[in-house]
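S.K.: Respectively, the protein sequence lines represent chains A and B.
For the first sequence, the positions run 1 to 278 when this note's numbering is used.
For the second sequence, the positions run 1001 to 1129 when this note's numbering is used.
Be aware that a few hints might be false.
What the hints assert, rightly or not - These stretches of chain B come out as covered by chain A in the derived footprint (C-beta under 8 Å, 3 or more residues): (1) 1041-1048; (2) 1093-1102.
To be verified - Pairwise CB distance ranges, derived in the manner of DEER restraints: (3) His1054/B / Glu5/A: 16 to 24 Å; (4) Phe195/A / Ala1102/B: 27 to 35 Å; (5) Leu1114/B / Ile267/A: 26 to 34 Å; (6) Lys139/A / Gly1044/B: 52 to 60 Å; (7) Glu69/A / Arg1107/B: 24 to 32 Å; (8) Lys1015/B / Leu4/A: 35 to 43 Å.
What the hints assert, rightly or not - No more than 27 Å apart at the CA atoms, straight line, and that leaves these computed lysine-lysine pairs for BS3-like: (9) Lys1015/B / Lys150/A; (10) Lys1015/B / Lys196/A; (11) Lys1015/B / Lys139/A; (12) Lys150/A / Lys139/A.
The hints are simulated quantities; they were obtained by calculation from the structure and are not laboratory data.
The C-beta atom is built at its ideal place from N, Cα and C for all residues, glycine as well.
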Amino acid sequence: MNILEFTTLIWLGSLVAGFLGSLTGLGGGVVIVPLLTLAFGVDIRYAIGASLVSVIATSSGAAAAYVREGFSNIRIGMFLEIATTLGALVGAALSSTLSTQILAVIFGAVLVYSAFLSGRRREEDHRIDKPDPWATLLKLDASYPTRDGKVQYHVRGIPGGFSLMFVAGTLSGLLGIGSGAVKVLAMDQAMRLPFKVSTTTSNFMIGVTAAAGAGVYLSRGYIDPGLAMPVVLGVLIGSLLGARILFGTKTRLLRIIFALVILALGIEMIYNGLAGKL
Amino acid sequence: MVRKSTDWTDGRLEKIVGRILQIGVIAAASVVLLGGILYLGRYGSVSPHYDVFHGEPANLRSVSGVMKSVLSFHARGLIQLGVLLLIATPIARVVFSIIAFALQRDRTYILVTLIVLGVLTYSLFGGGL
Chain A
1 MNILEFTTLI WLGSLVAGFL GSLTGLGGGV VIVPLLTLAF GVDIRYAIGA SLVSVIATSS
61 GAAAAYVREG FSNIRIGMFL EIATTLGALV GAALSSTLST QILAVIFGAV LVYSAFLSGR
121 RREEDHRIDK PDPWATLLKL DASYPTRDGK VQYHVRGIPG GFSLMFVAGT LSGLLGIGSG
181 AVKVLAMDQA MRLPFKVSTT TSNFMIGVTA AAGAGVYLSR GYIDPGLAMP VVLGVLIGSL
241 LGARILFGTK TRLLRIIFAL VILALGIEMI YNGLAGKL
Chain B
1001 MVRKSTDWTD GRLEKIVGRI LQIGVIAAAS VVLLGGILYL GRYGSVSPHY DVFHGEPANL
1061 RSVSGVMKSV LSFHARGLIQ LGVLLLIATP IARVVFSIIA FALQRDRTYI LVTLIVLGVL
1121 TYSLFGGGL
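Turn these sequences into a full structure, and let the hints guide you.
M.R.: As structure tokens, this is what we get:
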């Protein structure tokens, strides 16, 4: 296989990953590293570098559409980005000290967890009416547009959410993923944000978090242009196509299938990591 | 909530942020594509070696190195410039937010945003822990 064929295949794989990731809302970034390492035999460090760059592209591409609709909360995003960017620096630092086997096992565990999370039903309940002192101080309470006009919401659980965000940032920097699953968890469960707000704000933050990790990866020489090129262009185009048909399409079955794919990839990553094959 | 400046509402801020992100991504993707076409034209028939990790050469690891590489019209350097533009896009958003919060006279968020920008700058200029 020469570079032209290799690049074309990786571009196609990334295109499908980005498309399914954005269509199902599970994110295409998580399957890029398993795709590159398991199917193409790429060293996991190069794979993580390329994946992290593609994560910035999809986050910024999608956020451009989201922020204009007024769902994302810029203040919450900015405040939590302190936690995620610091986490990303720690994660990127850890990635150069951990062996590729350990990286593969952690990656697999995160994939299994993401698959499990996506199978759970998100229930919008326990909305709070009383303002939290932290939220008031940081001006985090806001409103978002619905069919019945603007709805006000309050935020709580700031210290818990902030800590979870540090973990999300660390995973992002360590594994080259957006870790949207952990971010949404922190904002849904700990801080009780409305879904639309947590999903879009989380997506919005992913780019900044990934940029913090990518800076470190670049200076370590983990980002190979020949590999990053097809991955970035594939994932970006795929996710933009996926976002176009997101509204109004029944994606439940597709979501289950994609979650099962992620689960299988997770198990394979753990197996290969333990067997020392990666 | 009372805003000191009604011209700089969060809604308007968000629209501009959306535009910055869009322009950044389009610019970065175009540079990556251009570099990619050159790269495939020059090296398309060579075999790839990604199974063993060597790390990238020094001129693809830093902002200044990439700039030099682009000036000598290296295809890989051009792709890496696109990657740098991509990394710069969220950073540009953060820089714009500082200006916007300053116009809103929101001291808390000027500070919050400066911290985020500090971490990003530290990372991009070869910081590590």
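S.K.: Please verify whether Lys1015/B and Lys150/A have alpha carbons no more than 27 Å apart.
M.R.: holds (18 Å)
S.K.: Are at least 3 residues of the stretch 1041-1048 of chain B within less than 8 Å of chain A when you compare beta carbons?
M.R.: holds (count 6)
S.K.: Just tell me: holds or violated, for the beta carbon distance of Glu69/A and Arg1107/B against 24 to 32 Å?
M.R.: The hint (24 to 32 Å, Cβ to Cβ) holds, given that Glu69/A and Arg1107/B are roughly 29 Å apart.
S.K.: So the hint says 27 to 35 Å: do the beta-carbon atoms of Phe195/A and Ala1102/B match that?
M.R.: With a Cβ separation near 32 Å, Phe195/A and Ala1102/B satisfy 27 to 35 Å, so the hint holds.
S.K.: CB of Leu1114/B to CB of Ile267/A, is that within 26 to 34 Å?
M.R.: Since the Cβ atoms of Leu1114/B and Ile267/A sit about 43 Å apart, the hinted range of 26 to 34 Å is violated.
S.K.: Indicate whether the distance between the beta carbons of Lys1015/B and Leu4/A respects the range 35 to 43 Å.
M.R.: holds (41 Å)
S.K.: Going straight from one Cα to the other, do Lys1015/B and Lys196/A come out at no more than 27 Å?
M.R.: holds (17 Å)
S.K.: Assess, step by step, whether the Cα of Lys1015/B is no farther than 27 Å from the Cα of Lys139/A, and give holds or violated.
M.R.: Holds, at about 20 Å.
S.K.: For the pair supplied as a hint, Lys150/A and Lys139/A, confirm whether the alpha-carbon distance does not exceed 27 Å.
M.R.: holds (17 Å)
S.K.: Assuming the hint says 16 to 24 Å, is it satisfied by the Cβ distance from His1054/B to Glu5/A or not?
M.R.: Distance hint for His1054/B, Glu5/A holds at roughly 22 Å.
S.K.: Against chain A, does the stretch 1093-1102 of chain B show at least 3 residues with beta-carbon separation below 8 Å?
M.R.: holds (count 3)
S.K.: Range first: 52 to 60 Å. Now tell me if the beta carbons of Lys139/A and Gly1044/B are that far apart.
M.R.: holds (53 Å)
In the structure shown, a violation is registered for the earlier hint numbered 5 alone.
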